[in-house]
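Enquirer: Protein sequences, first through last, are from chains A and B. Residue numbering for the first sequence follows this note's numbering, beginning at 1 and increasing consecutively. Residue numbering for the second sequence follows this note's numbering, beginning at 1 and increasing consecutively.
Source of the hints: derived by calculation from the structure; they are not laboratory data. One thing to keep in mind: the hints can contain errors.
Stated by the list, open to error - Covered by chain A, according to a simulated footprint, are these stretches of chain B (three or more residues, beta-carbon under 8 Å): (1) 12-22; (2) 45-57; (3) 105-112.
To be verified - If the Cβ cut is set under 10 Å, some of the chain B residues that face chain A in the computed set are: (4) S28; (5) Y32; (6) A92.
From the three backbone atoms N, C-alpha and C, an ideal C-beta is built for every residue, glycine too.
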Amino acid sequence: KAGVTQTPRYLIKTRGQQVTLSCSPISGHRSVSWYQQTPGQGLQFLFEYFSETQRNKGNFPGRFSGRQFSNSRSEMNVSTLELGDSALYLCASSTQGRAFFGQGTRLTVV
Amino acid sequence: AQSVTQLGSHVSVSEGALVLLRCNYSSSVPPYLFWYVQYPNQGLQLLLKYTTGATLVKGINGFEAEFKKSETSFHLTKPSAHMSDAAEYFCAVSDLRESNYQLIWGAGTKLIIKP
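So here's chain B without its partners, still in its complex pose (with noise of 0.2 Å):
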């Protein structure tokens, strides 16, 4: 079965400074990977995601993520975090190989920009 952890339910950082969002999860086979982010009141829009090829993946907004598979991880990363950026994130994956497209999330981790 598949599953998904984000570590920290909360992450706050400082307008400018680096923003790392974490990712593991658990699958028996090569997954599909995705972020999501939700605003407030808001849909879920997707930030960016991984099916095949390039590990290093560039989304929307100056976000990047990295499939490393050793690690099972897919970490969000964005080099200078903007007040915009504050929001909610979740990682999820999929098993297209299913023919199933239910999407197994993570618990989602609350961006909080500090000015």
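The shape of chain A in the complex, shown without the other chains (with noise of 0.2 Å):
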């Protein structure tokens, strides 16, 4: 089976404008999280899709905004993007509650 594939896996982008980051979950899993990672913050939760509904979400602005397709890839928009979020994206497809992570997107922002 193909792992979880993120894309990009580099991204540079401004101040002010917006980012779309894509995750192919593991064939089968219906269950996608996304995951913020900085040195100063660690990993945080940023919101959990499970058959196109969003089941959970972090504590982050509305800037940060997901969605999830019936063939259960899953799309993660930040909007208005601040120097701060410069970070490691992580998604995991999960299946009984254990995650399979992608490589990561490294987003910079300058």
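Could you fit the two chains together into a complex? Lean on the hints.
Expert: Structure below.
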């Protein structure tokens, strides 16, 4: 089985722009979660989607949003980028509580 | 509410020495417990997990962890450290009874291996 695929791997954006990150989960996994990882804050939960519905949401501003499609692929969008949004964004698809992670998208906001 | 505490943001051991990474959790229900490892510029990989049954769990790369309910702990150990073990390690807890695949994460511990 193919693993979790995140695209792109690296991204550089300017403050004020918006960005969309993509995650393709492992085939058959219906749960997709997104995490932000920074040196200062560690691994923080953004949101989780299950069967196209947002089931859980972390403590992030409304600039961070996501969606899940009928094939379980998920996208995460960040609008009006800020310097502090620079981070590694990880996606995980889950089954029975076990999360399988993609390699992440490294977003740099300049 | 569940929470996870990892003691020590950095742990340094000599090559060949015992590795001990500490994890304590709080949960109102029997938890499912996980250790994940993250190598530089990579996503996280599952090292081992405890769900039910035997409390001593063996994982990949020679790591093991023991679930101690009385101490609410799930410490990760490896008898002899190798340079390739240098990475960041995350402990996580999940409550599957909520049909909720959200994992609650510890802050992570960076393992440094001295030659």
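Enquirer: For this structure, which hints from the list above don't hold up?
Expert: The structure breaks hints 1, 4; every other hint is satisfied.
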